[in-house]
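J.: Now for the letters of each chain:
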Amino acid sequence: MADIITAARAEGRLLLTEVESKQLLQEAGIPVAMAHLAKKPKKAVEIADELGYPVVMKIVSTDISHKSDVGGVVVGLRDAKSVRKAYKEMMERVTEAAPNAKIDGVAIQTMAKQGTEIIVGSTTDPQFGPVLMFGLGGVFVEVLKDVSFRVVPLEERDAKQMVREIKGLPILQGVRGQEAADLEAVESLILRVSDFIETHPEIAELDLNPVFAYSDGALAVDARIVLTEPNGASA
Amino acid sequence: MNVERDRLHRALNPKTVVVVGDKGPNYQWLSNMSEFTGQLYSVQLDEKEIPGIEEKGIQNFKGLMEVPGDVDLVVCAVPRQVTPFIVADAVKKGVGGVAMFTSGFVETGEELGAQLQEKIVGLAREGGLPLVGPNCMGVYNRRLGVKFTNNQEQGEGGEISVISQSGTHGIGITIGAQNLGLAVTRTISIGNAAVLNEADYLEYLRDDPDTSVIVMYLEGVRDGRRFAKLLREVTRVKPVIIWRGGRTKAGAKAAASHTASLASDDAIWDALLRQAGAISADSLEEALDALQCIVRLPRSSKRGLALIAMTGGQSVAITDQFEKGGFEVPELQQKSYDRLGEFFITIGGSFRNPFDAASTIGRETDNLQKILDILADDANIEGVALEMQARDFDQGTERVDGQVKLVQQYRERTGQPVVCLMPEGSPGQMGPEVVTAARYYVAKQGVPVFPSFARGAQALGRAVRYWQWRDETGT
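Those protein sequence lines, which keep their order, are chains A and B.
Mapped onto my numbering, the consecutive letters of the first sequence carry residue numbers 1 to 235.
Mapped onto my numbering, the consecutive letters of the second sequence carry residue numbers 1 to 475.
None of these hints come from the bench; they were simulated from the model.
Predicted, not measured: the structure shown is a model, and the values here were computed from it.
One or more of the hints may lead you astray.
[What the hints assert, rightly or not] Derived lysine-lysine pairs resembling DSS-like cross-links, with alpha carbons at most 27 Å apart:
1) Lys167(A) - Lys119(B)
2) Lys335(B) - Lys238(B)
3) Lys405(B) - Lys302(B)
4) Lys324(B) - Lys167(A)
5) Lys229(B) - Lys370(B)
6) Lys229(B) - Lys160(A)
7) Lys145(A) - Lys324(B)
8) Lys93(B) - Lys62(B)
9) Lys229(B) - Lys324(B)
10) Lys160(A) - Lys405(B)
11) Lys39(A) - Lys81(A)
12) Lys40(A) - Lys102(A)
13) Lys113(A) - Lys85(A)
14) Lys335(B) - Lys444(B)
15) Lys102(A) - Lys88(A)
16) Lys62(B) - Lys23(B)
17) Lys160(A) - Lys102(A)
18) Lys67(A) - Lys81(A)
19) Lys102(A) - Lys113(A)
20) Lys160(A) - Lys62(B)
21) Lys324(B) - Lys160(A)
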């Protein structure tokens, strides 16, 4: 796992790609929808065939931080033909939106079953070091800023509380006939992220956005890791 | 800094104190030490100042090295450019520690100030010298009479310790507590915390047998990781009340990630205090209010309260505030209603919880005693909030004494918390001077008392949340 970080460092990069980020997270036992890198349309189809349809395609570039802003995310690709077409169109869109970005290819992943969207992230506080954030995804985090924080490392009770602290908790507990989310799975994911962050002081920021919370389990669908400045890293 | 605990202990509990550089006409520092129980010396080179010092009966020396015997604490009030020489001498003499009042260091933002601070910090670190400050009021020790302001009390007892980044707030907490009859063991004004930081002091107080409650005024901490870890340990052993000043939403960066953009300084502090089981306060009043409940009341994390107000309107107001504070106002058991029905005056009153009780309690305390006896036997009740009357306090303390005694008896009998509320402007109350005097009088009898329902509810809420945290952590 250190290899991914070492390689990024060697290239002078702070931002890990989604494929790299997910690989690190999976090795740390955090449930992620794995994404596989394809540098050519043919490879993209091979991966999709192997994973099974439908799949999601996302742009892979260390110069692009928010993929959807440049048209770098397509969901619901149902067959090989649509994968090939999507590849070509995505390259055109992204090249137009971000002409200077170096593009590595695309990431193909199984289209995860829709769950309740949550966000789990970490950042480095200037006083207290790594901190963890939890919230509901989308409008809840962006507009209502309905989130909770804890300083790493978290204890079990911290994970329990931070999940229950947000105003949107009833949404996780199931409203309007929606199934209740598996809060234990969410808590366990939070604790694993805390461990992961604690053991890797070279990680400055992490966003798992979204994570899908299901009635049974939770799955990080997108992931983004930013490393600390090479000399600014302090354990 | 890696503090030698014994050495810091000497500095905070000194037998010999030397004040360096005090000046007339007031000789502030030497005057502050007039009740010091140990040996006090002065060091002053200025010929003009020496007669004034000797007039106070204090032996003066021309240099720290000339002072005979061991020195535990040096109070340093020299001009800033002289400080490196004093610190060097203090290291050479092996003094316990230095409390440096002198200011004009990094806090000025000037290059010279920063350089001087770096110099004294370097000297202190190298010499293993605990240096309190600079730019601080130093050390107060109640039992030994080491003071940094005259109205700090000297005497036995005390279980509260105060750490403050602001000298003013260190004094405010100490004197505010004293006014409520709460004795502060020691106060440390830590100023720039250049050598010893917040975590060092917190660690000392964790292991200090004379400290059972800690109050801190903080604006920020220097060794945040260690502080955070330590705080989680300390609160499992003793309550820590943290009044944080300079709260600001700033600090949240316009960052690429959602997490970073939402992680304001304020949000992280709130999270840490909750996570670490510290009691959070936003003002001096909130800190002192919580302190009353923590020090005076038995440990209880329960929330079912009997609310006793004096009128119908107040019974609504008290309920609003205590419910807002997270409390419940349960129905009493039927046997309680039966007993209350025998004597309670229900015309213009009510004994449904909340109580509207003025017509029943009247001028005598007999009926208050009956009510409290019934509540003590009621399994649904886990604590009491009582609107206490200051009536006739201008005539003497007798009536208030009677109520205080009943409250204390209830507390002893049940092991439950009781808070008293003495708001101004209640019907039948006295003028504000009398109510205020009565309130401080009641506080000094050891009963937590508040000038509004809201403050009482919030204060008890803070205490209850803390004890709940202790319950949950099994400590």
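J.: Which of the numbered hints above does this structure break?
T.: Of the numbered hints, 1, 2, 5, 9, 10, 14, 17, 19 and 20 do not hold.
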